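Assemble chain B onto chain A, guided by the hints.
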Amino acid sequence: MKVFFLFSDFYRKTIAASFLLALCFVLASCSNGEKDGAILRIGMIEEPRTLNIWLASDANSRKVISLIYQPLYTYDPDTLDLAPWLAQSMPEYDPETISYTVQLRPAKWSDGTEVTAHDVVFTVDLIKDFQVPRYYSQWQFVKKTVAIDEKTVRFYLAEPRAIFLTRTLVNYIVPKSQWAPIAEKAKTMANPLIALMNARVEKPLGSGPYVLAQWREGAFLHLVKNDHFFGSGIEISNRKLGPHADAILFKIYGTADVGVLALKKDTIDFFWWSIQPGYIEDLEKDENTKVYLSDRSALYYMGFNVRKPPFSDPAFRRAANTVIDKNFIIERVLQGYAARMDSIVPSENLFWYEEHLPRYGQGLSRDDRIKKAHRLLSENGYTWETAPVNRSGEVVTPSRILLPDGRPMDDFTILTPPADYDPARATCGVIIQEWLKDLGIPASARPMSFGALLQRIKDRHDFDTFILGYGQLALDPDYLRSFFHSANNRPGGWNMSGYSNPEFDRLADESVQAMDPRIRQELIRKMQQVVMEDVPYIPLYNPAAIEAVGEKRFTGWEQMIDGIGNIWSICRVKSTEADM
Amino acid sequence: MTITSNRHAAYSMENVIDKKTRRSYKRQRFSAGWSLFYKNMVGKIGLYLLILFGAMALASYIPPLVDPMYHPMTGVDPLISYASPPSWRHWLGTDNIGRDIFSQLLTGARVAFLVGVSAAFISIVLGTLIGMIAGYGGRIADSLLMRFADMIMVMPSLLVILLLSVLFGQLSIWIIVILIALFRWPAVARVIRSQTLTLKKRPFVDMARVAGASHIRIIFRHILPNVLPMALLYMTFRVTSAIIVEAALAFLGFGDPNTVSWGMMLQWVWKTGHMFQAPYWLLPPGICISLITLSFYMMGRAMEEVLDPRLRKIQKADYAAS
Chain A
1 MKVFFLFSDF YRKTIAASFL LALCFVLASC SNGEKDGAIL RIGMIEEPRT
51 LNIWLASDAN SRKVISLIYQ PLYTYDPDTL DLAPWLAQSM PEYDPETISY
101 TVQLRPAKWS DGTEVTAHDV VFTVDLIKDF QVPRYYSQWQ FVKKTVAIDE
151 KTVRFYLAEP RAIFLTRTLV NYIVPKSQWA PIAEKAKTMA NPLIALMNAR
201 VEKPLGSGPY VLAQWREGAF LHLVKNDHFF GSGIEISNRK LGPHADAILF
251 KIYGTADVGV LALKKDTIDF FWWSIQPGYI EDLEKDENTK VYLSDRSALY
301 YMGFNVRKPP FSDPAFRRAA NTVIDKNFII ERVLQGYAAR MDSIVPSENL
351 FWYEEHLPRY GQGLSRDDRI KKAHRLLSEN GYTWETAPVN RSGEVVTPSR
401 ILLPDGRPMD DFTILTPPAD YDPARATCGV IIQEWLKDLG IPASARPMSF
451 GALLQRIKDR HDFDTFILGY GQLALDPDYL RSFFHSANNR PGGWNMSGYS
501 NPEFDRLADE SVQAMDPRIR QELIRKMQQV VMEDVPYIPL YNPAAIEAVG
551 EKRFTGWEQM IDGIGNIWSI CRVKSTEADM
Chain B
1001 MTITSNRHAA YSMENVIDKK TRRSYKRQRF SAGWSLFYKN MVGKIGLYLL
1051 ILFGAMALAS YIPPLVDPMY HPMTGVDPLI SYASPPSWRH WLGTDNIGRD
1101 IFSQLLTGAR VAFLVGVSAA FISIVLGTLI GMIAGYGGRI ADSLLMRFAD
1151 MIMVMPSLLV ILLLSVLFGQ LSIWIIVILI ALFRWPAVAR VIRSQTLTLK
1201 KRPFVDMARV AGASHIRIIF RHILPNVLPM ALLYMTFRVT SAIIVEAALA
1251 FLGFGDPNTV SWGMMLQWVW KTGHMFQAPY WLLPPGICIS LITLSFYMMG
1301 RAMEEVLDPR LRKIQKADYA AS
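If you read the sequences in order, they're chains A and B. Its first residue numbered 1, the first sequence is counted upward by one per residue in this note's numbering. Its first residue numbered 1001, the second sequence is counted upward by one per residue in this note's numbering.
The hints are simulated quantities; they were obtained by calculation from the structure and are not laboratory data. Mixed in with the good hints there might be a few duds.
What the hints assert, rightly or not - In silico contact screen, one side only, chain A against chain B (beta carbon under 7 Å); selected entries: (1) T50; (2) V224; (3) Y279; (4) A419.
Unchecked claim - One-sided and incomplete, this derived list gives chain A residues near chain B with beta-carbon spacing under 7 Å: (5) D282; (6) R332; (7) D420; (8) P423; (9) R446; (10) S449.
Here the structure is a predicted model, which is why all the values come from computation and not from measurement. Where a beta carbon is used, it is the ideal one built from N, C-alpha and C, also for glycine.
Same shape as in the complex, but just chain A (with noise of 0.2 Å):
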């Protein structure tokens, strides 16, 4: 009996104990939800590459980074002008030396360190020294960087360039203390380059509202606040910045489907990828999740490789363009959520946008389309046994197509990225091959692996057509030059297509150093006539970011071009538990 008492009482004992730390475990983790309270969680579909500014290319890796590192300027959410972001004020310009001042707000690195014009100079300095491929283009034409004082850097450039304001003082700005001695020790190595892309730095020290406190690779990254960000409580561009929350936990998911399904267990606060239309009814059905649809500068085309022929032929291409059906692909492929696009420029940037541009095909019923297009290839040498168009007018099945010098056109590809990669391209080109057919063009659809695409598209040029986009478009259009000018018509420039006209070059060189923004704006309107005339790329359409929020923890988000994953939403979001 008293080995039985012994043994109960230990037994209590035993679950008292066990009792006890349960409890301890449950109000531990109570505490620990209290305090997630100020932790904004934010999806991503993959993982960062690298947190090196240099080498980081991909858009997550770039996500992370513009929250630590800071630029001199920022586009204003409402008008899209440059409002000074580290810098105090806009820059002053002197036209008799061609030079920018810029002076600099108090602002101070993470470790507590103040940022300095000789941050900026270094920063200049290292991009030209090295040639970082990303940034080189847009900092080669100044001369010279000076810091005149601690918080004053004038740029001297060789020769008056539009693009400096508009794209060079967006760059980010590194922190001299942390990036020189890897400069140094890159310098010595045989690829200085190489030496500098592939520095590790565990602890990029920035300028910006978070710094990074832990990455688990293939896990998460946490981000805390930077007590030291310059922004803390200031106004800029009418908007008080904070940012409020404590930290941000960046949590990785493989696919769209887990990150929306996250989202609405409430497991995030922010999925940060533009997710398909699919997801929109069921986001809106719940009452915790929010969905943000916003403008895109975006461009998503068809190009043609002109090297060769028949693309060489814009009798050719504006037939194709004529029988491809943009509605349909807008309305279809993308539910709607697309802008239709008629230049290279999209429509939205109204101050660069050519309103009078031809308008292949639009409005018109497939039979007229195919019609007109049928017009447009004999008018211009081209034959069928069996016409798209009969005597009688109507349309039929077409035999293949002979091409001026009678030869039946071969067989070529319409190269996509695969549907695991963007649904919406790849379907486009089985619907676009489809279209061509009814020309008795031989067209096949065929989607590869994005970095085989590029490399073949852009590298070896050995392509017929493709189908691909640029998602993130600059809104200064100075990328109509780098498509289209035949000096980019190289391996791996971005005149992918070959296109090659002196009208367009001389206008283009023209437009690089117009600095009266109204001359730069006939200049650019015009390339875009041009272009839109030879139709080396014809153009889609630019879908809309879709974006999702619970809405549970977090509000305040600010929604501007390209979505309301940015600076401001970040620096600007308040925890709805703190307000209680």
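Here is chain B on its own, set in the frame of chain A:
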């Protein structure tokens, strides 16, 4: 003259009778096998399912004739431009660009048969040939061919095909069929080889050899007919695996974009974000893939019982006991 012609006549008469008896023997064997197969519940269900899918594949030619909007790939409903649930106009609803899911499902059956049967057939032909040569040839031929088979057998076929499609861009449906066949013959070759090893020691092979038959004649005339049932049995299992590999490839985004297969349908529903929103789009192809593979598997199991009397023993013992 007359005598010889009579003798000829007698000989040919005998030949006819011989052929007749042989044919009737074959018929008898077939009907015995068939009744065994048909008695088997598993086999019966498999067969009915297969007939259903066969009918679906044949019916896939009908919808585009009714209206061009029912074309599985290019036809879209002019009034519907979003994923819509089942209706009278579209029995299983439409996908996100307004294509009819039912006609896609029917076409999917056709593609499944095409992929499954042709890949299985090629792998069976390869496997049987290599198995017979290895088993009959013995020694070096045997070792070489079987080690080669081992090498292919341990390769993760789905992974290798995925890699190939990443390297060479999207593969067409026929290339996928051939690749599946090339990876799936070794198991067949092993079974056929072991059968051939027992067969070649049998008296009828010795007799053929004594009568002066060449190796090729022995292999194709005497051994092949005896291993053929086994090969056909394995074909049913190969069909299953070929269909699953094709579906997996398509689902992962490496299928032929110009073909409407069930795996492709699953990929569309997944990638366009309708996985949890459109069960009428997600479930039919999934169920069809499961059922068609199940039907081939069930048929295989029943055929196995017909071919291998050892599997039937328990049943017989049951009869004896009763």
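Each hint, compared with the structure:
Taken as an interface hint, T50(A) does not check out: its beta carbon lies about 23 Å from the nearest beta carbon of chain B, beyond 7 Å. Of the supplied interface hints, the one on V224(A) is violated, with its beta-carbon coming no nearer than about 33 Å to a beta-carbon of chain B, more than 7 Å. Restraint check, Y279(A) versus chain B: the minimum CB separation of about 4 Å is within 7 Å; hint holds. Below 7 Å, beta-carbon pairs count as interface contacts, and A419(A) has one with chain B at about 5 Å; its hint therefore holds.
Interface hint status for D282(A): upheld, as the beta-carbon distance to the closest one in chain B is roughly 5 Å, under 7 Å. Because the smallest distance between the Cβ of R332(A) and any Cβ of chain B comes to about 4 Å, under 7 Å, the interface hint for this residue holds. Given the 7 Å rule on beta carbons, the hint for D420(A) holds: about 3 Å separates it from the nearest Cβ of chain B. A cut of 7 Å between beta carbons decides the hint on P423(A): the least distance to chain B is about 4 Å, and the hint holds.
The beta carbon of R446(A) is positioned within 7 Å of a beta carbon in chain B (closest approach about 5 Å), and the interface hint is therefore held. Contact between S449(A) and chain B, as hinted, is supported at the beta carbon level, the nearest pair being about 5 Å apart and thus within 7 Å.
In summary, the structure is inconsistent with hints 1 and 2 from the numbered list given earlier, while agreeing with the others.
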